[in-house]
Structure formats: structure tokens, C-alpha cells
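Visitor: The working numbering puts the sequence shown at residues 1 to 129.
In case anyone wonders, no lab produced these hints; they're calculated from the structure. Do not rely on the hints blindly, as some may be mistaken.
[Claimed, not checked] Derived DEER-like restraints, expressed as beta-carbon distance ranges:
| no. | residue 1 | residue 2 | range |
| --- | --- | --- | --- |
| 1 | Pro-11 | Asp-46 | 15 to 25 Å |
| 2 | Ile-82 | Gly-37 | 17 to 27 Å |
| 3 | Ile-16 | Arg-87 | 21 to 31 Å |
[Claimed, not checked] Within a straight-line C-alpha distance of at most 25 Å, the following computed BS3-like cross-link-like pairs (lysine-lysine) qualify:
| no. | residue 1 | residue 2 |
| --- | --- | --- |
| 4 | Lys-55 | Lys-92 |
| 5 | Lys-92 | Lys-40 |
| 6 | Lys-92 | Lys-106 |
| 7 | Lys-34 | Lys-106 |
Using N, Cα and C, we set each Cβ at its ideal position, and we do this for glycine too.
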Amino acid sequence: MGGIVAAMAEPVQRSIDSDVVECWALWKAVLFVKDLGIRKIHVEGDSLTVINAAKSMDEDRSHIGGIMEVTKDELARFSSSICTHIRRNGNKVAHELAKLAISIGKSRIWHGDIHSPLRSLVAAEASPR
Numbered sequence: 001m002g003g004i005v006a007a008m009a010e011p012v013q014r015s016i017d018s019d020v021v022e023c024w025a026l027w028k029a030v031l032f033v034k035d036l037g038i039r040k041i042h043v044e045g046d047s048l049t050v051i052n053a054a055k056s057m058d059e060d061r062s063h064i065g066g067i068m069e070v071t072k073d074e075l076a077r078f079s080s081s082i083c084t085h086i087r088r089n090g091n092k093v094a095h096e097l098a099k100l101a102i103s104i105g106k107s108r109i110w111h112g113d114i115h116s117p118l119r120s121l122v123a124a125e126a127s128p129r
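Based on the sequences and whatever the hints tell you, model everything.
Guide: Encoded structure:
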């Protein structure tokens, strides 16, 4: 079981469809992890549509298909990739990072030392379930 290596918060336009935002966030996360040189990835998301699309071997022809196909290509480059659906209440760190991105209005990356208000949420989510 791995730990938290880094975190990223990046604002997006609010008028975008929620599945598009979730798919875009997955794509950005995959690229972020790849850029860190990490070879194994386990992503969790609360959009069942996006997680199912990421796990599907079929070509995605939906409104998220373009982003999803690029994301799946990137996921295939990892030595191991797992995508897991979790309920929204189990994804508090991601939602706090999203709120933080909106409040600061710009992209932010943390390596090693996670933003202090998120530490307790990270610790709680990292605990065995």
C-alpha cells in the first residue's frame, strides 16, 4: 500500500458538465502521476460513469470519449493501474482540493508536505477501511 506523494489543485470552469470535470480531473491526475515517475497508479473517483469508462476496454463514444480515450492510453502505460469507484463521502480530500482550487483561483501542487488543512483528511482516508 502506497502513501500520499503529492497533491494538486486546479480550478476549472463551473459551467462544465460534472462528468466532463471528473474525466478531466482523472486525465490531469494520470499525467501528474506519470510526470512524478511513478509506475503504479490507483485512482479513486466518485463518478461511476467516469470510473466505468476508464475500466472499459470498449471505445468511449460518449461526451467524455475524447478525454477518456487519451486517459486510457496513458493508464495503459503504467506497470499497474487500478480505477476504483468510491462514494462521495469517501472522497473528501479530492473535494477539499477542488474547493481550495476555486478559492485560490490558480493551480497549486504540493510535494511531500501536504497543505495543512488537508493533513487530517489525508490521514483519515489513508487509514485501513
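Visitor: Run the structure past the numbered hints and jot down the numbers of the failing ones, going up.
Guide: Violated hints: none at all, because every hint is consistent with the structure.
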